[in-house]
Amino acid sequence: MTGRANTRSVTSSEDQHIIMARRKNEEALEDPLEVGDMPADSREARWRAHVARAEAQAEKFGTMDKFKAKKARGEFDKIPDSFK
Amino acid sequence: MSNLQQALRNALVAEAICKVDRTDLKTIENPYITATTATIQAVAGTYSVSAMTVTDDALSVADEVVDATHVFDFEMKTANFNLMADFLDELIYRVSHKIDQFVLNKILDVATGAYTTPAGGFTTAANIAVICANLLSKVAGYQSGLASEPFLVIESTDLVGFAQAQVASGFAYADAALNNGFQGRYMGIKIYVIRTGTFVTATLGTLTATNSGHRLFGIEGMALYASPRGVSYEEKGVTGKTGKEVVAYGLVGATIWTPLRDLFVDITLA
Numbered sequence: 000m001t002g003r004a005n006t007r008s009v010t011s012s013e014d015q016h017i018i019m020a021r022r023k024n025e026e027a028l029e030d031p032l033e034v035g036d037m038p039a040d041s042r043e044a045r046w047r048a049h050v051a052r053a054e055a056q057a058e059k060f061g062t063m064d065k066f067k068a069k070k071a072r073g074e075f076d077k078i079p080d081s082f083k
Numbered sequence: 000m001s002n003l004q005q006a007l008r009n010a011l012v013a014e015a016i017c018k019v020d021r022t023d024l025k026t027i028e029n030p031y032i033t034a035t036t037a038t039i040q041a042v043a044g045t046y047s048v049s050a051m052t053v054t055d056d057a058l059s060v061a062d063e064v065v066d067a068t069h070v071f072d073f074e075m076k077t078a079n080f081n082l083m084a085d086f087l088d089e090l091i092y093r094v095s096h097k098i099d100q101f102v103l104n105k106i107l108d109v110a111t112g113a114y115t116t117p118a119g120g121f122t123t124a125a126n127i128a129v130i131c132a133n134l135l136s137k138v139a140g141y142q143s144g145l146a147s148e149p150f151l152v153i154e155s156t157d158l159v160g161f162a163q164a165q166v167a168s169g170f171a172y173a174d175a176a177l178n179n180g181f182q183g184r185y186m187g188i189k190i191y192v193i194r195t196g197t198f199v200t201a202t203l204g205t206l207t208a209t210n211s212g213h214r215l216f217g218i219e220g221m222a223l224y225a226s227p228r229g230v231s232y233e234e235k236g237v238t239g240k241t242g243k244e245v246v247a248y249g250l251v252g253a254t255i256w257t258p259l260r261d262l263f264v265d266i267t268l269a
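Chains A and B are the protein sequences, given in the same order.
If you're matching positions, the first sequence starts at 0 in numbering that gives the first Met the number 0 and goes up one per residue.
If you're matching positions, the second sequence starts at 0 in numbering that gives the first Met the number 0 and goes up one per residue.
Same shape as in the complex, but just chain B (with noise of 0.2 Å):
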């Protein structure tokens, strides 16, 4: 049996750039120290002591996300599709598409690294190294900066200053973007496109999301998102209707440690 015709389905990065948990836990405690201070002196042999402050930090699933349907018996019987299966596909994808959109929202909003690009941001071509050369410099210094894996999500809209940039800077890099296109790394930094409209103004669940015009910098495996057994679903019949209810559900929270916030930059387009 042949399978409808999906519509069209945005990338989804979260998992590529966060640590997932799955586990069934509804909060996850993580509490950090406050760095304290090494006395460098004279020897002398003496030192004084000083209390080390330890705070909670944690990170709880507080949101979920569903999407239903309903197809009835004649549906299913008659229809040249496996319409249960296709609409559960399609009901899947969806799910998981707003629970990467959460994702994204709330690291951009806890993230702490601020950054205003040039004007014309990603769209103009000659920005793109100065941007990328910033924003390294955000993240370099430290043990969990340059030496790991930074990234960069842009949307859709911002490719045509990055593509540019590509084809006319370097010479092996230039032709591999002449003959194959978009790479998916400039400057070592990691690139990760996805739809425009994906960072928002608008209320997801319990965020208050304020990222319309903001894009997302970061390191890879620094930011934590915990989903709890995934994505489930359901069939399920209903009085008064004959055929299934399918319903696909996912609970989701996301952080980024306090300590780790500075990893993470908030760019704003100008």
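Here chain A stands alone, though its shape is the one from the complex (with noise of 0.2 Å):
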């Protein structure tokens, strides 16, 4: 192993193991994860009944526009600090 020490081949069960896990983990970027996967009481669980909420909410405001505005400006693709 001279001189390969960061160029070792993959073969051992282990590394097969985390070679799975990061496939999983590429295929669960390209298929986002829906609410019924997660603990419903996990703060994405959460922070995406908070943004159903705030749709329903804008409908009844006559506030639609603004909220798709900050959706299309990305504001609920990251969870903010703010939100518990």
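Incorrect hints may have been included.
[Unchecked claim] Covered, in the sense of this in silico footprint (three residues per stretch, anywhere, with C-beta under 8 Å from a C-beta of chain B), are these stretches of chain A:
#1 40-54
#2 66-79
[Unchecked claim] Below, simulated DSBU-like cross-link-like pairs (lysine-lysine); rule was C-alpha separation at most 35 Å, straight line:
#3 A:Lys83 <-> B:Lys189
#4 B:Lys18 <-> A:Lys59
#5 B:Lys97 <-> B:Lys25
#6 B:Lys137 <-> A:Lys83
#7 A:Lys83 <-> B:Lys235
#8 B:Lys18 <-> A:Lys83
#9 A:Lys59 <-> B:Lys97
#10 B:Lys18 <-> B:Lys76
#11 B:Lys97 <-> A:Lys70
[As the list claims (entries may be wrong)] Among the chain A residues that face chain B by a calculated CB cut under 8 Å, a handful are:
#12 Phe60
#13 Thr62
#14 Phe82
#15 Lys83
These aren't lab readings, by the way, just hints derived from the structure by calculation.
Quantities reported herein were computed from a predicted structural model and do not represent experimental measurements.
Glycine included, every Cβ here is placed at the ideal spot set by N, Cα and C.
Two independent chains are provided; combine them into the complex using the hints.
Listed below in structure tokens is the structure:
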């Protein structure tokens, strides 16, 4: 292994396991999680529910254009710090 | 007897920018007429009749703010302070502050005017005049626009650009800012500064606020908030404990009447 510390070939079952996990992550990125995929009380699930409620509220307040503009700007893509 | 040192308190501004109703009403009705269009024509003496539309609009008091604690008898007797009075004072402030935050966020959420600042927002001094000019243009031309009292609510972190702009432009105005510090007015707009983190993306009672990174501009006295009988408190003995339980609470509802919503601008910081 001298001189090849960072270029080892991937053969062991442990490495196969890592590769599988990476593939799973890549697939997950391509196929975003649904609310049902995560615990209902997780921060992300609560965030999605919050955004859904905000949309319903915008409909009620007559501010749907503003909600759509916020969404288009990506304001709901990242969970803000103020959201506990 | 001396008082306990209080934690730092935030400025409350909702009462300064809104009309406040403290009556016992749970719902305030305010239907409005949809504007009709007058016809101009060559003199003929004839006209057509169109129906006038009246739409319901109401403000409901649907949220309450509560904060409570317990003071044991031995604490009251052995403290060098009037604990009951100091705790109550703190509870009432906390309830008032939450009401203030709710009102500001509710008004910002229902405002229909929209404006996005240049990059840097209020923290860049060169942006201040540009932003204020744009905001004023949003309400100019209305009877209740510039002729009334425009206001802007910014957070403490936004003060950086404002303070620099104030000392750098004008003569007497810049001198006043240099001598006395932050000026509460800029281009005729009253500036209210609240602590950072007041505009939130969070659940506030029945309100699903999405206001993180947003600020509020509008006309004073055009938004309404209802706080029936203001903030109340109770002291009561409870079973199983000596001393008293103290609770402060207040009811709240807030809105901008539908025809006036364009007078309020939701500012997005870029």
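Now the hints, each set against the structure:
Counting residues of the segment 40-54 of chain A whose beta carbon lies closer than 8 Å to any beta carbon of chain B gives 4, which reaches the threshold of three, so the coverage claim holds. Against chain B, the segment 66-79 of chain A contributes 7 residues with a C-beta closer than 8 Å to a partner C-beta. That satisfies the three-residue criterion, and the hint holds. A C-alpha spacing of about 32 Å is found between Lys83 (chain A) and Lys189 (chain B), which places the hinted pair at or below 35 Å, so the restraint holds. This hinted pair checks out: Lys18 (chain B) and Lys59 (chain A) have alpha carbons roughly 23 Å apart, not beyond 35 Å.
Between Lys97 (chain B) and Lys25 (chain B), the direct Cα distance comes to roughly 19 Å. Compliance with the 35 Å bound is thereby established for this hinted pair. Between Lys137 (chain B) and Lys83 (chain A), the direct Cα distance comes to roughly 34 Å. Compliance with the 35 Å bound is thereby established for this hinted pair. Proposed proximity of Lys83 (chain A) and Lys235 (chain B) is supported: the alpha carbons are some 33 Å apart, at most 35 Å. At most 35 Å may separate the alpha-carbon atoms for a hinted pair to count; Lys18 (chain B) and Lys83 (chain A) meet this at roughly 31 Å.
The suggested pairing of Lys59 (chain A) with Lys97 (chain B) holds, with an alpha-carbon distance near 23 Å, which does not exceed 35 Å. Between Lys18 (chain B) and Lys76 (chain B) the alpha-carbon distance is near 43 Å, which puts this suggested pair outside the 35 Å criterion. Proximity of Lys97 (chain B) to Lys70 (chain A) is assessed by CA-CA distance (about 27 Å); at most 35 Å being required, the pair is judged to hold. Interface restraint check for Phe60 (chain A): the shortest CB-CB distance to chain B comes to about 5 Å, inside 8 Å, so the restraint holds.
Annotation: Thr62 (chain A) was flagged as interfacial toward chain B, and the flag holds, the nearest CB pair being 6 Å apart, inside 8 Å. For Phe82 (chain A), the shortest C-beta to C-beta distance to chain B is roughly 5 Å, which falls under 8 Å, so the interface hint holds. Interface hint at Lys83 (chain A): satisfied, since its Cβ lies 7 Å from the closest Cβ of chain B, which is below the 8 Å cut-off.
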